[in-house]
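Visitor: Sequence order for the protein chains is A and B.
Residue numbers are given in my numbering: position 82 of the first sequence equals residue 82, and the series is strictly consecutive.
Residue numbers are given in my numbering: position 32 of the second sequence equals residue 32, and the series is strictly consecutive.
Check each hint, because a few of them may be wrong.
Any copy, or any two copies together, can satisfy a pair, since identical chains are not distinguished.
What the hints assert, rightly or not - Think about it this way: if two alpha-carbon atoms lie no more than 25 Å apart in a straight line, the pair counts; the simulated SDA-like pairs of lysine to any residue are:
| # | residue 1 | residue 2 |
| --- | --- | --- |
| 1 | Lys82 | Ala14 |
| 2 | Lys82 | Ala41 |
| 3 | Lys82 | Ile95 |
| 4 | Lys8 | Asp110 |
| 5 | Lys8 | Asp89 |
| 6 | Lys8 | Gly24 |
| 7 | Lys82 | Arg106 |
| 8 | Lys82 | Thr2 |
| 9 | Lys8 | Asp115 |
| 10 | Lys82 | Gln32 |
| 11 | Lys82 | Leu96 |
| 12 | Lys82 | Pro28 |
| 13 | Lys82 | Arg71 |
It should be emphasised that the hints constitute simulated quantities derived from the structure, not laboratory data.
There are 2 protein chains.
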Amino acid sequence: MTIGQAAKASGVSAKMIRYYERTGLIRPADRQASGYRDYSAADVHNLRFIRRARDLGFAVAEIGELLNLWRDHARHSSEVKKLALNQIDALERKILALQEMARTLRTLADCCHGDDRPDCPIIRNLETGLAGETVAIQPRIGAVEKHTR
Amino acid sequence: MTIGQAAKASGVSAKMIRYYERTGLIRPADRQASGYRDYSAADVHNLRFIRRARDLGFAVAEIGELLNLWRDHARHSSEVKKLALNQIDALERKILALQEMARTLRTLADCCHGDDRPDCPIIRNLETGLAGETVAIQPRIGAVEKHTR
DNA sequence: TCTTGACCTTCCCATCGTTGGAACCTTCAT
DNA sequence: ATGAAGGTTCCAACGATGGGAAGGTCAAGA
Numbered sequence: 001m002t003i004g005q006a007a008k009a010s011g012v013s014a015k016m017i018r019y020y021e022r023t024g025l026i027r028p029a030d031r032q033a034s035g036y037r038d039y040s041a042a043d044v045h046n047l048r049f050i051r052r053a054r055d056l057g058f059a060v061a062e063i064g065e066l067l068n069l070w071r072d073h074a075r076h077s078s079e080v081k082k083l084a085l086n087q088i089d090a091l092e093r094k095i096l097a098l099q100e101m102a103r104t105l106r107t108l109a110d111c112c113h114g115d116d117r118p119d120c121p122i123i124r125n126l127e128t129g130l131a132g133e134t135v136a137i138q139p140r141i142g143a144v145e146k147h148t149r
Numbered sequence: 001m002t003i004g005q006a007a008k009a010s011g012v013s014a015k016m017i018r019y020y021e022r023t024g025l026i027r028p029a030d031r032q033a034s035g036y037r038d039y040s041a042a043d044v045h046n047l048r049f050i051r052r053a054r055d056l057g058f059a060v061a062e063i064g065e066l067l068n069l070w071r072d073h074a075r076h077s078s079e080v081k082k083l084a085l086n087q088i089d090a091l092e093r094k095i096l097a098l099q100e101m102a103r104t105l106r107t108l109a110d111c112c113h114g115d116d117r118p119d120c121p122i123i124r125n126l127e128t129g130l131a132g133e134t135v136a137i138q139p140r141i142g143a144v145e146k147h148t149r
């Protein structure tokens with residue numbers, strides 16, 4: 001099975017499959033005589049695992065740990081659970097930060113006439129840091145770190 | 001005022017001030033005879049504006065638009081409001097995606113004994129895409145795009 | 001005056017996950 | 001045989017930020 005077929009079957013793009021191989025997340029695929037990578041159903045299964053973990057917001061490095069635990073039949077479920085709880089924690093911190101942003105913006109937007117007058121509480125807040133009863137934004141605490149997908 | 005002082009006063013790091021200048025978000029700072037960048041109180045005001053907009057989750061490109069509206073005294077508040085509402089929308093989509101991730105993980109973690117047995121619903125879900133009554137993860141829809149801070 | 005340390009300058013590199021493209025090779029169908 | 005489709009490698013970019021090297025500048029103290 002070629003990389004394109006594996007990509008379609010797993011939901012991971014061919015580009016990303018090569019990337020995962022290059023970075024060591026998955027081991028180098030077998031090669032056909034032509035040099036084309038050759039994937040088995042098990043490989044696709046692996047890729048789907050990765051894809052699902054990405055969809056749950058796990059970083060690639062964390063997925064490496066999950067893959068090890070997956071392959072380790074003597075693993076303790078507590079180890080997996082710990083990773084999951086950490087991930088939930090990280091997600092919730094990001095959610096809170098985003099909610100705080102949205103809440104503040106919503107307040108500002110609600111105060112804004114939104115007409116053709118130039119006066120605008122949103123701009124005023126950005127300008128001065130104050131506008132109506134809007135709460136000041138926390139500096140860097142709980143900043144939303146880089147997160148993809 | 002040097003870049004370090006402007007950084008301290010605005011909350012934007014010196015690195016980022018240079019970056020904003022390089023990418024055209026702010027215009028090149030005046031220079032002292034030494035070659036040092038020289039900032040005025042108005043510049044710091046500008047930087048604080050940027051900083052606050054970043055704290056609200058605006059992308060740098062969007063902040064460019066905001067800055068134009070800020071400087072345009074004939075602006076319509078409706079234009080600013082539109083940007084704000086778009087931003088709220090984007091934030092809320094990200095929040096929903098993250099909540100969906102967290103919810104799924106929480107369900108899985110709740111099903112997991114978390115003891116020293118190898119059996120683990122979290123792994124099982126990643127493996128098969130199914131585990132208990134867990135809802136399947138939506139493919140790419142509303143995927144959380146890259147977002148910093 | 002000389003030194004020292006703090007600050008400035010530019011430039012390059014790394015992050016993280018992902019995509020795009022160029023240049024080239026293989027496979028398959030017409 | 002020819003062309004399309006899809007494989008290969010390598011290089012670059014995205015966005016926002018930080019790290020660090022190599023070198024210039026400034027102010028304070030000996």
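Visitor: Now look at each hint and say whether the structure bears it out.
Guide: Here is how each hint holds up against the structure:
For a Cα distance limit of 25 Å, the shortest separation of lysine 82 from alanine 14 qualifies neither inside one copy, at 31 Å, nor across copies, at 38 Å. In this assembly of identical chains, lysine 82 and alanine 41 lie within 25 Å of each other by CA distance neither inside one copy nor across copies; the values are 29 Å within and 49 Å between. Taking the shortest alpha-carbon separations for lysine 82 and isoleucine 95, both the intra-copy value of 20 Å and the inter-copy value of 23 Å come in at or below 25 Å. Proximity of lysine 8 to aspartate 110 under the C-alpha cut-off of 25 Å is found in neither arrangement, the shortest distances being 45 Å within a copy and 32 Å between copies.
Proximity of lysine 8 to aspartate 89 under the C-alpha cut-off of 25 Å is found in neither arrangement, the shortest distances being 32 Å within a copy and 31 Å between copies. When the C-alpha separation of lysine 8 and glycine 24 is checked against a cutoff of 25 Å, the pair qualifies only within one copy, where the shortest distance is 21 Å, while the shortest distance between copies is 41 Å. Taking the shortest Cα distances, lysine 82 and arginine 106 sit within 25 Å of each other only across copies (12 Å), while inside one copy they are farther apart (35 Å). Within a single copy, lysine 82 and threonine 2 get their C-alpha atoms no closer than 36 Å, and across copies no closer than 47 Å, so neither meets the 25 Å cut-off.
In this assembly of identical chains, the alpha carbons of lysine 8 and aspartate 115 never lie at most 25 Å apart, being 48 Å within a copy and 36 Å across copies at closest. When the C-alpha separation of lysine 82 and glutamine 32 is checked against a cutoff of 25 Å, the pair qualifies neither within a copy, at 40 Å, nor between copies, at 55 Å. Proximity of lysine 82 to leucine 96 under the C-alpha cut-off of 25 Å is found in both arrangements, the shortest distances being 21 Å within a copy and 23 Å between copies. In the homo-oligomer, the alpha carbons of lysine 82 and proline 28 never lie at most 25 Å apart, since the shortest distance is 29 Å inside one protomer and 49 Å across protomers.
Within a single copy, lysine 82 and arginine 71 get their C-alpha atoms as close as 17 Å, which meets the 25 Å cut-off; across copies the closest is 50 Å, which misses it.
This entry does not satisfy hints 1, 2, 4, 5, 8, 9, 10, 12, going by the numbered hints stated previously.
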